[in-house]
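Number of protein chains: 2
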Amino acid sequence: MGKRQLLLMSSSAVHGFGYLEHAEEDLTSFLQQHSVQRVLFVPYALTDHDAYTEKVGSVLRKLGFSCTGIHTQPDPVAAVHAAEAIYIGGGNTFLLLRTLYERQLVAAIRERVLQHGVPYVGSSAGTNVATRSIQTTNDMPIVQPPSFEALALVPFNINPHYIDPDVNGKHKGETRQERINQFHELNESPVLGLREGTALFVDGDRATLVGPHPSVPGECYDARLFRKGQESAVYKVGSDLSFLLKQ
Amino acid sequence: MGKRQLLLMSSSAVHGFGYLEHAEEDLTSFLQQHSVQRVLFVPYALTDHDAYTEKVGSVLRKLGFSCTGIHTQPDPVAAVHAAEAIYIGGGNTFLLLRTLYERQLVAAIRERVLQHGVPYVGSSAGTNVATRSIQTTNDMPIVQPPSFEALALVPFNINPHYIDPDVNGKHKGETRQERINQFHELNESPVLGLREGTALFVDGDRATLVGPHPSVPGECYDARLFRKGQESAVYKVGSDLSFLLKQ
Numbered sequence: 001m002g003k004r005q006l007l008l009m010s011s012s013a014v015h016g017f018g019y020l021e022h023a024e025e026d027l028t029s030f031l032q033q034h035s036v037q038r039v040l041f042v043p044y045a046l047t048d049h050d051a052y053t054e055k056v057g058s059v060l061r062k063l064g065f066s067c068t069g070i071h072t073q074p075d076p077v078a079a080v081h082a083a084e085a086i087y088i089g090g091g092n093t094f095l096l097l098r099t100l101y102e103r104q105l106v107a108a109i110r111e112r113v114l115q116h117g118v119p120y121v122g123s124s125a126g127t128n129v130a131t132r133s134i135q136t137t138n139d140m141p142i143v144q145p146p147s148f149e150a151l152a153l154v155p156f157n158i159n160p161h162y163i164d165p166d167v168n169g170k171h172k173g174e175t176r177q178e179r180i181n182q183f184h185e186l187n188e189s190p191v192l193g194l195r196e197g198t199a200l201f202v203d204g205d206r207a208t209l210v211g212p213h214p215s216v217p218g219e220c221y222d223a224r225l226f227r228k229g230q231e232s233a234v235y236k237v238g239s240d241l242s243f244l245l246k247q
Numbered sequence: 001m002g003k004r005q006l007l008l009m010s011s012s013a014v015h016g017f018g019y020l021e022h023a024e025e026d027l028t029s030f031l032q033q034h035s036v037q038r039v040l041f042v043p044y045a046l047t048d049h050d051a052y053t054e055k056v057g058s059v060l061r062k063l064g065f066s067c068t069g070i071h072t073q074p075d076p077v078a079a080v081h082a083a084e085a086i087y088i089g090g091g092n093t094f095l096l097l098r099t100l101y102e103r104q105l106v107a108a109i110r111e112r113v114l115q116h117g118v119p120y121v122g123s124s125a126g127t128n129v130a131t132r133s134i135q136t137t138n139d140m141p142i143v144q145p146p147s148f149e150a151l152a153l154v155p156f157n158i159n160p161h162y163i164d165p166d167v168n169g170k171h172k173g174e175t176r177q178e179r180i181n182q183f184h185e186l187n188e189s190p191v192l193g194l195r196e197g198t199a200l201f202v203d204g205d206r207a208t209l210v211g212p213h214p215s216v217p218g219e220c221y222d223a224r225l226f227r228k229g230q231e232s233a234v235y236k237v238g239s240d241l242s243f244l245l246k247q
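Going line by line, the protein sequences match chains A and B.
Numbered as in full-length UniProt numbering, the first sequence ends at 247 without a single skipped number.
Numbered as in full-length UniProt numbering, the second sequence ends at 247 without a single skipped number.
Do not take every clue at face value.
Given that identical chains are not distinguished, each listed pair holds provided it fits within a single copy or across any two copies.
To be verified - Calculated lysine-lysine pairs in the DSS-like style (CA-CA distance at most 25 Å, straight line):
1. 246 to 236
2. 55 to 172
3. 236 to 172
If you are wondering where the hints come from, they were derived from the structure by calculation, not from laboratory data.
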């Protein structure tokens, strides 16, 4: 996996920032360091592919990159093979993964990223599908993919939009921690809870938590790692999480 | 469907009440009016079947009913055929539905409830599986059922633990309304958002929203109905929702 280059964002929207604004610096340096000029955007997690590609493309153009929606290409698999960089946006994870399977893109993207080092950017659902499965998504199962197994660019699970329990809350639905604990009653894979505003940067066999440093007292961008049968552990922005890649 | 008898609760836990306490009156009258003495409890939505059956059974015994866990029966399908009433508890909806399929219980329960009028009680995940599909669950897909199609005791979807968006919230993950709207981009079925504390009572072709009357200013037990391409509509406790059964 020495070639793997990933930027896995928790979300595109973050409180206090414009759309993708929190990630502009990391996104720009990630793409520039791989001499990327054109980004292949995958808008399958939402239904209006044109509007979604325009929304993300307008940010990318401002940062100096061009952007093509994979849905405009006659042969999506060929587009993946020709891509300088692949960016999969958020939305509904089930819809996204079903479409990736329908269009024969799971194996194609996996090969390009793992074997050829094509840079991969994911956000929210695009981060979920980059992991070993979509089993720790927060989304509703609005459509049924043939499998919950995903691109497996990393050998663990991520929970995007991670949020701690509201200690003053009156709502009795399961907290995010309780849901992840239920996952671990039946699955072994570690789950990295990535808060909005943070991302996991993966360079080959090294993984680092990136994100803003808290500017407001009480703001927290720590990630929380859940492992089966263990207490969860907290990692600050800047932490080396490479151990998660050694499964 | 003239024989159908359902009590579909949003949740077992409600702020300000003990476990199942909010539902004691409705549950007791529902079971008594059908002369039920023994309840067959289905604990498959959680992994510890004995503990879960004991938790619900202790409430049922206090109310005057006996309770048997289906997992203690040598032949679960035969247990369904012999049941006076079937109660499916909450937990993880994917795990619950997968187990119902594995044990050949989907068709068996459906037949008993729809053709023979065996009273059915559901809570949370047990309410999700009573509808046409589990596509509007809030749960994580911790295991994969063979299908998202469920018991279809009613011809629409329910979102249990329904909650309105937090207008002061900083979290940018999709709101419940946004998730249900995504469902409606790809599906036709109406979705009834059932708040914690409320339930849908179905007697043949009549459906009524039941629940506590607000005792604290600001508390709200209204249900919110989402239909594809329409503004959502609010229904108070006591409302006749029979129109939802005519699909």
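Results for each hint:
1. 246 to 236: Within one copy only: 20 Å inside, 54 Å across.
2. 55 to 172: between (36 Å within a copy, 17 Å between copies)
3. 236 to 172: between (29 Å within a copy, 21 Å between copies)
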